[in-house]
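Chemist: This is what each chain is made of:
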Amino acid sequence: MSVNLTLLLVMGVLYAVGIYLLLERSLTRVLLGLMLLANATNLLLLTTGGYAGLAPIFNKDIPSTEYNDPLPQAFILTSIVISFAVTAFMLSLIYRSWLLSHADQIQVDREDIRVAKQDLYDDEEDSEIAVEVSDFHENTHPVAKRETIPGIGYKKIAQVPIAGPVIQVDPESPVPHDDHDQPNKTDKPGKE
Amino acid sequence: MRARNWTRLGRMKGSGTDVNPRDSLISSPKHVEPLVLFVLCAHFIVAIFAPILFSKWGRSAFYILAAVPGISFVWLVAQYSNVFSDTLPSPALDISWVPVMGLDLSFKMDQLSWMMSLLVLGVGALVLAYCARYFKTNDAGLGGFGSQLLAFAGVMFGLVTADNLILLFVFWELTTVLSYLLIGYARTRIAARRAALQALIVTTFGGLAMLVGLIMVGESAGTYSISEVLAKAPELMSAVGSPKMVLDIGIALLLVGAVTKSALLPFHFWLPGAMAAPTPVSAYLHAAAMVKAGIYLIARLAPGFSQTEYWQVIIVVLGLGTMILGGWRALRQYDLKLILAYGTVSQLGFIALVVGLGGQESALAGMAMVLAHGLFKAALFLVVGIIDHQSGTRDIRELSGVFKSAPKLGMVALIGAASMAGVPPLAGFVAKEGIFQAFIASAMHGPAGPGVGWTVLVGMVLGSILTFAYSARFMWGGFATKPKGMATVFKPVGWTFLAAPAFLSLLTLAYGIFPQIVEGWIKPYSEQFPAYDPHGMHLLLWHGFTPALGLSAIVIAAGITLFMLRRKMEAFQAMTPSPMDFERIYRQVIVLLDTVAIWVTGRTQRGSLFFYLAVILSTAIASVLAVLFLTEQDWNHDVYFVDPTSPFQIVAGAVIVIGAVAAANASKRFMAVLMVSVTGYGIALIFALQGAPDLALTQMLVETIILVAFVLAMRSLPARLMERKQAGSHRLARMILGVAFGAVMVVVAIIAMGARIHDPVSLAMPLMAYEGGGGLNVVNVTLVDIRAWDTFGEISVLAIAATGVASLIFVRGRGQRLPRAMTVESGSIGKLKTVPGFGPTIEIAKKFTASPSNPWLVAGRTLAPERRSIIIEVVTRLVFHSIIVVSIYLLLAGHNGTGGGFAGGLVAGLALTIRYLAGGRFELAEATRISAGTLLGVGLALAALTGVGPLFFGGEIFQSAIIAFDAPIFGHVKFVTSTLFDIGVYLVVVGLVVDVLRSLGSEIDQHEEGGMAGIEMIEDDEPLEVAR
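Residue numbers (the numbering used here), protein chains in the order written: chain A, 1 to 192; chain B, 10001 to 11028.
Just so you know, the hints here were simulated from the structure itself, not pulled from any lab data. The structure displayed is predicted, hence computed values, not measured ones. Treat the hints loosely; a few may be bogus.
Listed next, the in silico DMTMM-like pairs over lysine to aspartate or glutamate satisfying Cα-Cα at most 25 angstroms (straight line) [to be verified]:
1) B:K10974 x A:E132
2) A:K117 x B:E10309
3) B:K10244 x B:E10309
4) B:K10491 x A:E132
5) B:K10491 x B:D10759
6) A:K60 x B:E10771
7) B:K10136 x A:E132
8) A:K60 x B:D10759
9) B:K10482 x A:E132
Here chain B stands alone, though its shape is the one from the complex (with noise of 0.2 angstroms):
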């Protein structure tokens, strides 16, 4: 049985029978057509652009919107003769994306695609001409909701191509959230919001598990490639044990993305709630398209798989149960759109178990079904559309009349609905027929045996009962005039709004009359199944007196007494509860995760940061213990607590923790920074003696700085830390965290040194930095060549500290003009009120004040006289210069001796500190000409320069070169371009320093002196209310 239904797929891809399927695919001729991606891409790109084209032609630019999927399905129904050739296999499109993971944007143009895409396509054209009518052309975000509907159409165009898992799923999540979009398109509105997020969140759900399954399908056929992997079922079938559960559970996984999406049960109350989309949404989305997405993975995975463990028990319990529950709750629904809604579902569960039945028969009957339903259910939310812009409500309570006052529109209605209820001649009849009879042949003489096929049959047919009642109660709702005497305005309807709805009547219509053309669509298709029917099944109008005939008259009967038992059924509804109402179920989830969440939040959330280190703390000592207790570890290390060749070290290191532990005791401010100074300094020792100059250096000079910057920041507050013994501080178990955690490090550090049995990386790298980075400074040339990038990104994290520091202080702007000195009065800055105890010494100092040269310093004539300090001033004047020179001196030499980069640009901030301290901020003023901005930036750039110019002389990103040259009076002279880089980090330090300076200095004198007056309070903000 099998085997000939391969012959039939390998026939169509063009080669013999029995080979591996990959093999198939590469010897045929491969039919290579482009022209899928463009028109996917034409999609995307209109959507790009669509809010320009709103913005000019106002709604008719819906137009404009539909001639894309309008012209796409010209080309669709152009590519017929390809599509369906006997000689070359279905048009592909295979481009190799992220191979190594199997995710190839392949695309596929077989029978079951084309019949998709149809619907996709030309209800897609319909429905945007539709939307031009529909909207009014100032409705706010139409541009908006425009380029998502067309986006909409060419995701769903890409997921019925799709021949790759990977690629389907992502068409697949595509539609979810373009979906998401659409339906709260009225984002004002509560209802809209809220079934958006319920449908997001239900698919989203199904899409994952789908995902999961995906993989699991994809991973056992060992292709992601659709098509291969159909190929490959057979084998994949007759597997046994664990791979067949694999395949199993995959492909129920699949299934429950296609439930999700398909709105079958449990799923299906999504699908009413996302009736608050407007109604041309509703129409594609929610009746011709989206909501297809499921039936067609089940069409698509049903000729390989429909015989896995769990296919037929998930298709028919949920496939029927769908059917009845659907048609059940459509019957007491006074909302037109709703009583579609339903009626949808309904459909869906109908449409869901024929398909996925897996006989030939069904197969062709499920697809005329997925056809007649696309086309007479968007006309019908069309219709309804047209029914409420025109009367303003979808309430059957409301509406009477409307027939009476829109004759066309009620035709229009009339086939649809007819259609829907099984109703010859019309499209809906035919599949119908074909259903019930490919049924009764299943029934009779199909694999799962007549117990279950006439139970499936009953139930078919008690649901096409429930769908024929809600049709007329659809049509008398809607249409009749009622007897209350009641008639609603309806404003005459325009040709142009009517013409979607119309066109897709006008199908229905001609779909049934000639139902041998659908039929020779889907025969290609139907072909891969089994037929259980030994007279063979067609499309047809009419097949004689046959047992369908039969069931078709007994629907239609029945169905018309349940509508005119309409009355009683309401009240019988209303009196029986459902047993199972899942929409509450779902609710009581979401009730839950929020109790959940709130719970969790509120006990890690606590607003105690106390709490969190600890938390985190505590996890890092606890992991590391349990490694150390569960694993075996090495105790047996060479330890040694004098290194011979540096003894004083246990000096400093004893100096370091007294400095340590002081400063844990210590009550001022200033003390306890002092104290931890002492550990800084002694560290810069304990450097030096190890073999670290430019580490000692550098940790001097940053010390000192740092020091100062403390000082500077600190001057405001209060001189006493804040005191201890109170409420929350949590001493001991400060102390506790604190031991244990320099315990744990202790050990670990011990562990890991003594593990290495290497030597280390860094033996080649003296002899790497004189060759390669031509200079003999090793720790230099690593910083500025062989780890350049890491000192970039080190400079960067500088220049951002820079600026947060000044746009911490500044608040505004980063300061870039100081005032300069000469706009200030002598004398004039940080005056004391009252000076205690000078007396006579305060007349000399106002004197040498007044003076009006600038003996020393530039602007220390700004100084208030009991603020300047004589000697201060003289040494400045004295060794500033020096010290820049200095600084360059280490900048320039650091390539080779200690220095560098680093070095030099914190020794010229210290000079910079020195004038500063020594003539106030208008001094720093006039020192520092050069914004820090500007340093930051130039040094910054310079920096990215030295990288970026290798590129263009064929070398790589820092890489270096040297020069060497004869220069008179320097002699030989070697340069090395990453001396360059180096002055960029020369120029950062030096900006973040001058920074400081003035965030930290200048910005808070003024505060200072204008008594916080010149400040701006920032208003402490209300907790952010939740926006609703």
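Chain A extracted, bound-state conformation (with noise of 0.2 angstroms):
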């Protein structure tokens, strides 16, 4: 089938923009890139239907081959609708970020960071436990440590801060508007 390459280059520029504003720091390019990237792909549906045509409104008299393809177009108008749902989606989000952070643009994931960042003792598996010698624990008084197996497992570092400081290790993000972060939290033991 033949090709409008006016079309595909037009959707080629759309696309180009679209992915350079989605890529933004700023909330608002990002959606306005997710527009640009929805009217590439709805150019990229047309151009699909092949050359112009008639406006497909039944007519017995007219062959199928010179209507406009309606499938496509079928397509587009769903999108189309559906786009305009998603702006608005994300319009509230940009206004609710605005009200909670007064900042209209995307953060570094700091819960991400903490993750990553993450001590590999863990109370649950690596924390040392009594040994138990009864099912009825109002009676327990262990008497002997469990066989430790020395060289596994990691030892607890005592009362260093795991989760504070961690925001100023990626070099990208600028510091967020946080007045609600405690900088100076401190790992609380395990509770068992």
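Build the complex from these two chains, which are given one at a time in their own frames, with help from the hints.
Modeler: Have a look at this one:
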């Protein structure tokens, strides 16, 4: 089938600019990028319909090939309205993000960084526990330590803050507006 | 040799000898026994309702639970004549489940299954009854625990009766899951959780290996029915080359599953760890039932596959090693339960070795040991539970004088321990004698040759000596009066508590005295194997002075010596470190896994959206480029720049490109938004030129509403967009990625479209739309009829997005009831503090406002005078109703001409937007007296009803009907039911727009007026700590 290069080139530009904006830090620009990507995709769908044709309003005297392909049109119609809904949703996200942090930008996910920096030591797996010699715990008085296996597991580093200063770790992140964060949080000992 | 065995199997199936097993199964009279399934279901159903029973009767509910396996046990005993019938095939049940995958609910109660079921149901009933005295009635989570334990009994019964490999696996994994829950019963304690997880990981690992093995074996045999696979075994074993290799490896993998489940080397460590479970669980799962699943699998496969390549090596090395290691470790434990646990490990190795060897004598002796072990080990665990319950400890350094305090308990324990040690006249002795005899015969006449045979025998004697020693240690540790003068406080034991272990010990005694009965049960199974002992073998208490008796004597004498030397043994064991600590290796593996996981997570989950997107996009670009370079592409496509029927496209395209580039460069927020809108309108133009009026109309409307929504949502944000020239903006990378992605998309589009050689499917659609859908507008009929499912999904998304918008702005609720205009004082909304430059004008405006009537808009008066525009109000008044009429026209005309539910809904939304812009939020409240939620709900419901409706008239979902009639005034009317669907679409779209206006418009208005005071700021939560 023939390919309409004009529409494809316009589509290419829309994709390029869309991606360029999508990768920005500003949430507004990200949303604009998404809208451009949606437009680009609609154009892509449209080009699959081939040459321009008649509007697909049925007339029994006109052969099917004379119409512009109605199937991509139906897809595009769906796409347009869905994009509208998504845009509205993103707009409210931006507004809420603005209300909460007064920043119209994508922030670095602190939780991700915390996970990456976490200590291998885990109370659940690595803490030393006393041997239990009874199912009836009100009577339990442990008499011996569990057979410990030297060199395995990680010893707990006492009271070193783990979650605190990781925010500065990522050089690409501007310091986020977080008035609520308490940087001197220390690792809570396990409750076991 | 083999042929003879199969004659026997053939006879069991009630058919001739050398026929295809499937034929024999079909031709034989089938003995269907639906009660197997009934027993299974009874366990599960009662298990489901167990928590209710417990809330009503407390711990006594365990008795009701025990009745389920108890009654099943009676049924099982009654099945004896059927199972051991010489004329009838084994009772079976076959329900087709997923036949294409060879997955059937098939059960078969042959002699082996029957014996295993005896253990599973019998011990299950006793343990459940025992629980009624073991737990306190107010123990937390008792209902769930009872339910899991009963379900476990059912699952175990299913496992030993399943006659389908996959079904067997399902039960197998269910035991793993339930064992995890049961071990972790004391979920507040770290030891229990850790042990449960360890058992889960180890046995699941084995289970996965087993699944692979099952599939390899099933595919080799061409069937997943266990009895058919076994019937085909001689044929499969005679294969050569790769089919044989697949079978060998498959069977070896099955053994890996058995080895992990039955806690053989090198996976034995999970079993002592699992002693963190409540003691009744240990008695049932870790002595009688679950750990026997591996043994059962070995016993089930041995008749057919004990001569596969890796079988003997695995069984002999691991079995013998486990037996000796377990016994050795048991000798240095101080916790009674751990002595038993390591003893169990040792015995499981022993049993696996005997059962897996593949001779008639060893099969007989091995199964005898399975039953004997189930009886004495369960009894001993229950005894330990009683000691723990009455004295509060299981530590043998603390216990003293228990035998004196509780002589009956001591006798019960003594019988069990003596049976374990192999002392006559008990079950353990009979079984062990049989084993020695079998292995002497096997060493002398067996296929493995004397070298292996004698080695194994010596190993077994060594293991048995250790067994005697730890049995003695158990009795001494638990019951003896120790010299230091400490006496444990021991509460008297009630007979209901003691009943279960006492009953088991009685059985141990009875078994020892009447072993012929047990032999009768095992014989049909063991006769499948070749016999090595020329004199034949029987389970007897007294064989005369045989070599086996001599070995037993050696074992007892050496065992007593070893026990006497216990202090030196402990000291010696403490000095010699164990050469291989498998738990340590396991923990190292887990630590390594943790390290790798954190490393990978740290490298990939960096918390930067740019990074994630860049990786995704680069992958998309690179993979497409790779395909382009690695495959040959046809580049000779018919490419054109100017569409002859639509040359004006180029102009529209140029506008779009300019708009897009300007949007990327804009530094002011609204400029950027406006430029994106330019591209949107440009695309609407292209739609129109291309022959798509519906698209053009919809795109125009959407662009307009989006523009308004943008302005409304962004008014509180700063006018300037964020400065770009700061660290981390990656400008060059973004440009490269953008251009590369755009270029790749163009190339992909050219190639994909150029590759098209067939006519589009849509050529048939115009006629379909007219004849089937009753409409002229093909696109609209496609949406509401041909692809109605698609559209239904779409409007659901719209409703969700609308709800999302409302909930993000309102946070609580969606603003169903907005205040009405009559509650507001005139001119009070949106007052500016200072109005510069208006002077006298404002006075006139105030007069205008003061007019009590509402000349143009209902709520126009509520706005502050300086906010009002008389021109807009008048125009709104004039056009609003016309626009609504147009929207309804578009909705109804859309079936035949341009329009439809989407376009109509958007137009109506636009009309409401104008009302809001002209008269403020109270005007909107007056205009939309029906809330957005109601509109969305009614719209979705209408669409759904249109979909379901035809079902009531014998049609299909979303089938449309054409109703033609003549009406006065309108003339001939052709009504298509899909129009109702379109009305639903219309309502949903209006609902979406109303939600957007109320949220981004009205509610933000209020935020602005209230200076954000009315908004609850959500506290930034601290990162969640991992629950401990």
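Chemist: CA of K60 of chain A to CA of D10759 of chain B, is that 25 angstroms or under?
Modeler: holds, 20 angstroms
Chemist: Mind checking the alpha carbons of K10244 of chain B and E10309 of chain B for me, to see if they're no more than 25 angstroms apart?
Modeler: holds, 9 angstroms
Chemist: Given the hint that K60 of chain A pairs with E10771 of chain B, test it: the Cα-Cα distance must not exceed 25 angstroms.
Modeler: Between K60 of chain A and E10771 of chain B the Cα gap is close to 11 angstroms, so the pair holds against 25 angstroms.
Chemist: Please verify whether K10491 of chain B and D10759 of chain B have alpha carbons no more than 25 angstroms apart.
Modeler: Not satisfied, since the Cα-Cα distance of roughly 90 angstroms exceeds 25 angstroms.
Chemist: For K10136 of chain B and E132 of chain A, compute the direct alpha-carbon distance and say whether it is at most 25 angstroms.
Modeler: holds, 19 angstroms
Chemist: Given the hint that K117 of chain A pairs with E10309 of chain B, does the C-alpha gap stay at or below 25 angstroms?
Modeler: Between K117 of chain A and E10309 of chain B the Cα gap is close to 48 angstroms, so the pair fails against 25 angstroms, i.e. violated.
Chemist: Holds or violated: K10482 of chain B and E132 of chain A, Cα atoms, limit 25 angstroms.
Modeler: Within the cut-off at roughly 22 angstroms; holds.
Chemist: Checking one constraint from the list: CA of K10491 of chain B to CA of E132 of chain A, max 25 angstroms. Satisfied?
Modeler: With a Cα-Cα distance of about 21 angstroms, the restraint between K10491 of chain B and E132 of chain A holds, given a limit of 25 angstroms.
Chemist: For the pair supplied as a hint, K10974 of chain B and E132 of chain A, confirm whether the alpha-carbon distance does not exceed 25 angstroms.
Modeler: violated, 82 angstroms
Of the hints listed earlier, those the structure fails to meet are numbers 1, 2 and 5, in rising order.
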